[in-house]
Structures are given as structure tokens and as C-alpha cells.
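Asker: Protein chains in written order, with the working numbering: chain A, 6 to 420; chain B, 3 to 249.
If you're looking for bench data, these hints aren't it; they were derived computationally from the structure.
This one's a predicted model, so the numbers in the text were calculated from it and none came from an experiment.
A hint or two may mislead.
Unchecked claim - Label pairs and their calculated CB-CB ranges:
no.: 1; chain 1: B; residue 1: Gly37; chain 2: A; residue 2: Lys263; range: 36 to 42 angstroms
no.: 2; chain 1: A; residue 1: Ala402; chain 2: B; residue 2: Tyr115; range: 49 to 55 angstroms
no.: 3; chain 1: A; residue 1: Met275; chain 2: B; residue 2: Phe108; range: 33 to 39 angstroms
no.: 4; chain 1: A; residue 1: Asp231; chain 2: B; residue 2: Ala248; range: 24 to 30 angstroms
no.: 5; chain 1: A; residue 1: Val19; chain 2: B; residue 2: Gly112; range: 25 to 31 angstroms
no.: 6; chain 1: B; residue 1: Ile41; chain 2: A; residue 2: Trp161; range: 36 to 42 angstroms
no.: 7; chain 1: B; residue 1: Val236; chain 2: A; residue 2: Ile266; range: 42 to 48 angstroms
no.: 8; chain 1: B; residue 1: Gly37; chain 2: A; residue 2: Glu80; range: 50 to 56 angstroms
no.: 9; chain 1: A; residue 1: Leu255; chain 2: B; residue 2: Val236; range: 41 to 47 angstroms
no.: 10; chain 1: A; residue 1: Asp390; chain 2: B; residue 2: Met44; range: 31 to 37 angstroms
No residue lacks a Cβ here, since even glycine has one placed at the ideal position from N, Cα and C.
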Amino acid sequence: MKVLKDRTALWSFVGLLLAFAATSFYAPSASAHGEKSQAAFMRMRTIHWFDLHWSKEKVAVNENVEISGKFHVFEGWPESVREPNVAFLNIGIPGPVFIRKESYIGGQLVPRSVRLEIGKTYEFRVVLKARRPGDWHVHTMMNVEGGGPIIGPGKWITIEGGHFADFKNPVTSLTGQTFDLETYQESNIAFWHVFWAVFGVAWILYWVRRPVFLPRYLLAEAGRADELVSATDRKVGIAFAAGTILIVVLSMGAANSKYPITIPLQAGTMRGMVPIEEKKSTVAVKVEDATYRVPGRAMRMKLTITNNGTSAVRLGEFYTASVRFLDSSVFKDTTGYPEDLLAEDGLTLSDNSPLAPGETRTVEVTASDAAWEVYRLSDIIYDPDSRFAGLLFFFDANGNRIISQVDAPLIPSFI
Amino acid sequence: MSALQSAASSRAEAIQVSRIVDYLGLFILFMVLTGSYHIHAMLTMGDWDFWVDWKDRRLWVTVVPIVLITFPAAVQVLLWERLRLPWGATVCVLGLLFGEWINRYFNFWGWTYFPITLCFPSQIVPGAILLDVVLLLSGSYLLTAIVGGMAWGLIFYPGNWPVIAPYHVPVEYNGTLMSVADILGYNYVRTGTPEYIRMVEKGTLRTFGKDVAPVSAFFSAFMSILIYFLWHFVGRWFSTVRFLKAT
Chain A
6 MKVLKDRTAL
16 WSFVGLLLAF
26 AATSFYAPSA
36 SAHGEKSQAA
46 FMRMRTIHWF
56 DLHWSKEKVA
66 VNENVEISGK
76 FHVFEGWPES
86 VREPNVAFLN
96 IGIPGPVFIR
106 KESYIGGQLV
116 PRSVRLEIGK
126 TYEFRVVLKA
136 RRPGDWHVHT
146 MMNVEGGGPI
156 IGPGKWITIE
166 GGHFADFKNP
176 VTSLTGQTFD
186 LETYQESNIA
196 FWHVFWAVFG
206 VAWILYWVRR
216 PVFLPRYLLA
226 EAGRADELVS
236 ATDRKVGIAF
246 AAGTILIVVL
256 SMGAANSKYP
266 ITIPLQAGTM
276 RGMVPIEEKK
286 STVAVKVEDA
296 TYRVPGRAMR
306 MKLTITNNGT
316 SAVRLGEFYT
326 ASVRFLDSSV
336 FKDTTGYPED
346 LLAEDGLTLS
356 DNSPLAPGET
366 RTVEVTASDA
376 AWEVYRLSDI
386 IYDPDSRFAG
396 LLFFFDANGN
406 RIISQVDAPL
416 IPSFI
Chain B
3 MSALQSAASS
13 RAEAIQVSRI
23 VDYLGLFILF
33 MVLTGSYHIH
43 AMLTMGDWDF
53 WVDWKDRRLW
63 VTVVPIVLIT
73 FPAAVQVLLW
83 ERLRLPWGAT
93 VCVLGLLFGE
103 WINRYFNFWG
113 WTYFPITLCF
123 PSQIVPGAIL
133 LDVVLLLSGS
143 YLLTAIVGGM
153 AWGLIFYPGN
163 WPVIAPYHVP
173 VEYNGTLMSV
183 ADILGYNYVR
193 TGTPEYIRMV
203 EKGTLRTFGK
213 DVAPVSAFFS
223 AFMSILIYFL
233 WHFVGRWFST
243 VRFLKAT
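One chain only, chain A, in its complex shape (with noise of 0.2 angstroms):
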């Protein structure tokens, strides 16, 4: 028996200090949000959020920042993802370190579930509010039921400046009412829980002042079970029973009265998102072939591009799953994008001068940089629908930019 407690001992504290070892010297926190993670055709060919702008990189606590900018719900929506009937504007991050004050599409406040339209446009902004000091990567994000998150660029936000404890979020309600969300009703909460936790307490305590288990139990095998319950017992349970409706109800009623005006919670999709106005695409853009070669992480494109517009333009960009390939000498971004996701010169064309208006031109255009990798885009191979899709920015000498998409299967090089 001592042998087997001595173990017993021993173990428990091996195993105590492994659980400690374990913890106390390498527990990173989780700073991401899996977006890398997700499939790559998905990335690809769902949302494809562009002209981002994060309005701060630092705010103090209760300062607001706001992310804004454009989606486009991509024609080639893989079949595998429910199409967007009911999709819900989010934002990625860890916890409710900032506050979401408000979120819009095409300026409509979107509080709920919308429905978006395949192949449109639309304007978003989200405004958030600075809650719990710290860097926090900050995802735009959009929900589609079916589809799950489907997770835009982050950036990194720091919040310094005040405390936790400082922040508010007041709230002023129809009926007139000021009030903090952030400690709204804690002590009438904290009362009832209270009230109720002991008045239960009490009804078992009322019992357990007496023999519980063992006493009872043989006199319940005895077949005197009936003797453990007195007329008192009964007198109290109905004591206890009458003074749990009356409280109940004279609470209800206190609380009616205290709030006469309520409304239930407020539910269901909205509809009739107001996509932004786009003319049609002047470029025309037929994608010949693509390949993706492993060992060089690049992505060759064989495109016929045929201007039908009145000004000669040229490929500045090429957007995928939230990174961005630029073409430096065309197109240099000011908007501060996440450096990770961003490959400044990671855009090549074998014939990059200016596209006259009425040319057609076929082109080879490579997009490289070590994102293919780190963001896990070169995964599409694995996937089940190796299509790859993006956006691609024409400029001409004057800045105006015309956007074409494509759309196209993806055969990988090994060699």
C-alpha cells in the first residue's frame, strides 16, 4: 500500500511539473487568425477586398479608427461555397479588443445579415473603437453562411494610450436613458444571481441540517422512507414554493414598470445592398494559360489583352486572395498595405510598354514573391478546385485605372 501511495505521490508530481514546464516557458499567444490556413481557391474566388485604407496604426484607448474600402463578390464563385443570400459584415479579431461602433455597406448601417449580389461591387466601411491596449491584427472579414469566414488583409493596430479600465461605451436610449454598455445592469445581474443562489441554498441547507446519506438511506432500504418527511418538511416546501411565485411576480411587475417600453430583439436579413455604379471593363483580358511553378514560386500567365478603350494603359497590378503584385515602374502603392502582403516588384511582363487604344497584345506576365509560399496560395494545386482568380489594374498616363478579372485552371510545374 505505501508502495503504491509513494508512486502515486511521485507521478502526481512529475506530472505537475511537466504541466508547468509546459505552460510557464513557451506559451505564445495566438496572434492571427488562421487566414492562411484557409483554401486557396476559396481566397481566390470569393471576396476580393481592394482600395483598403486603416485610417490609424495607433490609437489611444476609446479613439476610433476606421478601416474602409471596396469588395468584389467575384463572378467565378466556386460551387463548393454557398453564394452570399446571407452574409454578414465581421471583423477579424482576437476577441472584442476593439468595439464594432458601426459597419456600413454602400453606406447603409448593416448590424445584421445582408445578401449580396455575385459579381457586383460594393463600398464598406467599419468603424472601430480602441478597447484593450495592446498590437492587434486587424482582419476585414465577411461571413457567408455556408461558406464560413472568408478573411480579407490584416493589419496590425496598436492601441496604447489609456487603460483597459477607462474605456467606455455610452449609449443613449429612446426613452431617454444614458447608459455605459460596458458595466450596463452588472449589479442588478449580480443581485438576482445572488438572491436566488441563496434562496436555493437555503432550501438545501433546510435538508442537509440533518443526516443526508446514510441514516436515510437505510431507513429508505427499511421501507420507512415516509418517515424522513414531517408535516413541517411540507409546511416549509410550500413556504418555499409560495414565496418563489410571489417574488417572481412582484419582480416581474417591478420590472415592467420600470421598463414599460421594450421591443424584442431585432432579426433577419436586410436586403437591397446598393452596389457602387461600374462601367463595363475597357481592357478585355483572355487568360492563354497559367502554370505555377513549385521551386520558383511564381505564376506565369499567358495573357491576350485587347484595349477597347480611348487611352493606352498598362498593367500596374495583379490582386489575388488579398496580395498584391505590383509592377513598380506603373503602379506604386501609398496606402500603407500590409507589408506581408504586399510585393512591390512581384509583377513581370515580358511586354509591359503602353497598350494603344484598339491593340490586342498577348503577353507573358509573371507574378512572383515569397507570399505564393507564406500565405499558402501555392496549396491551390491540393485543392479540389485548382482554378486560380484575381483582379488585374490597368492604368494609362493619367492614373485612371480599369479593372478586368480573371478566372482560369492552374497546371503546376515541378521542374
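Assemble the complex: chain A is given as a structure, and chain B must be docked to it using the hints.
Answerer: Relative to the frame of chain A, chain B by itself:
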């Protein structure tokens, strides 16, 4: 001399041992119920109880009493049948609330910083008291199921109303009508819980106008009666004393 006789050498010592068994047994019973009932509750009612913006007049009222009458029904059988104790339902819900408050305070608030005002648990003690008292007075599982189960379902919404009512106060929020609970759910971002999975105010109880909560409560009470029956058999199954008798 049997093993039982050898455990205590005097009446005073026997009483002392009996009380120690009581305290240990109560502690174990409470903690086992806290763990098991809490897991059951999280898996069945889950978000309806986690978030104030899920506590609506239809589904919250309907779902929570139905899924929570399970353990009280089973534990009532154990304690009443074997010990003639009528606090099976109350000890269950106190255990559940104890576990829920640990979870909400340390996990929801302490770990992920969701304010308590968003994620406090539902109140279920009033229904449990009534369920226990009906069993005490009737001594019948049939009456406890019908009268107690009905009371359990019906008292749920009014029992919670003093806490919930302030969350249904209307607010004009950037041109949209929202309740305080809606704003809380909107403000405090739940990245993994998009709005569309919030199952509230769904259903076709339109003919009752704004008074759908009583209808939902009656339906919930009716279902609670049936679930009480089913789980009372689970209680019988678990409260066997076959092994004690064998000893």
C-alpha cells in the same frame, strides 16, 4: 464483526462518520453535477445562454427549459427514491450556475474580455424550487412531471425578466432601431459567431402579435413534461443500489 461495525466504536463516532460521509458526498455530488450538467448545458443550449442578444421571446424561452429539465429529473429520482430528499432539481441548477459563473467570469471575461453584461447565464433557480416542492408534496413522479414540469417551463421567462427587461429597451442606433441587447452583440465583436447564426425571433407565431413569449413558454412547459418523463428513467437507471446491496 462486520466491516461496518468496525468503522465506528461508539454512537458518537458513528454520527461523526455519518456526517463526514454527508459532507464528502455533498461535495462530490455538487462537483459532479457542476461538471456534467454544465457540459450538457453548453452542448445543448450553448449560445442561447451565453449571450444576451440570443435571449429572445421565442427560442431561448423554448429551448433552455426543455434541455435543462433533464438532469433535475434524473437527480430527483436518485435523491427522492433512495434518500427521500426533495432538492435534486435545486442542487442541479445551483451546480450548473456555479459552473457557468466560473466559466463566464474567468473565460468569457477574464480571458477574452467579453463584458459580463453580455454573457451572464439565465436564471433557473425558481423553476427548480417549484419542481422540488411539487415532488415533496405529491411524492409522485407523474404529478411532478405534469405540474412541476409545467411550472418549470412557465416560470422561466418571468423569472428572468427582472434581469432581461433592461436589455429590451429601444435605442436608435445610427438610424436603425435596436434593443440594448442587439447593440451589445453588435459592439462586442465575436469573430467566430457571425450574426446569421443567431437564432432569435425565428418562427411563425405571427398571429399572437407581440405576445409570443407566453405561447413559447407554454410550448416549452409542455415539452418539459415529456422530457422529464424520459430523464426520470435515466435517473432510475443511474440510481441503482445493486452494488451496495451486493456489498
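Asker: If a hint holds in the structure, say so; if it doesn't, say that too.
Answerer: Going through the hints against the structure:
Our hint of 36 to 42 angstroms for Gly37(B) and Lys263(A) holds, since their Cβ atoms are close to 37 angstroms apart. Between Ala402(A) and Tyr115(B) the CB atoms are about 51 angstroms apart, so this pair conforms to the stated range of 49 to 55 angstroms. For Met275(A) and Phe108(B), the Cβ-Cβ distance of about 36 angstroms falls inside the hinted range of 33 to 39 angstroms, so the restraint holds. Distance hint for Asp231(A) and Ala248(B): a CB-CB separation of about 26 angstroms, consistent with the stated range 24 to 30 angstroms.
Between Val19(A) and Gly112(B) the beta carbons are some 29 angstroms apart, a value that agrees with the proposed interval 25 to 31 angstroms. One distance hint, 36 to 42 angstroms for the beta-carbon pair Ile41(B) and Trp161(A), holds here, with the actual separation near 37 angstroms. Our hint of 42 to 48 angstroms for Val236(B) and Ile266(A) holds, since their Cβ atoms are close to 44 angstroms apart. Range check, Gly37(B) to Glu80(A): Cβ separation about 51 angstroms, and the 50 to 56 angstroms hint holds.
Range check, Leu255(A) to Val236(B): about 36 angstroms between beta-carbon atoms, so the 41 to 47 angstroms window is missed. Taking the beta carbon of each, Asp390(A) and Met44(B) are about 36 angstroms apart, inside 31 to 37 angstroms as hinted.
In summary, the structure is inconsistent with hint 9 from the numbered list given earlier, while agreeing with all the others.
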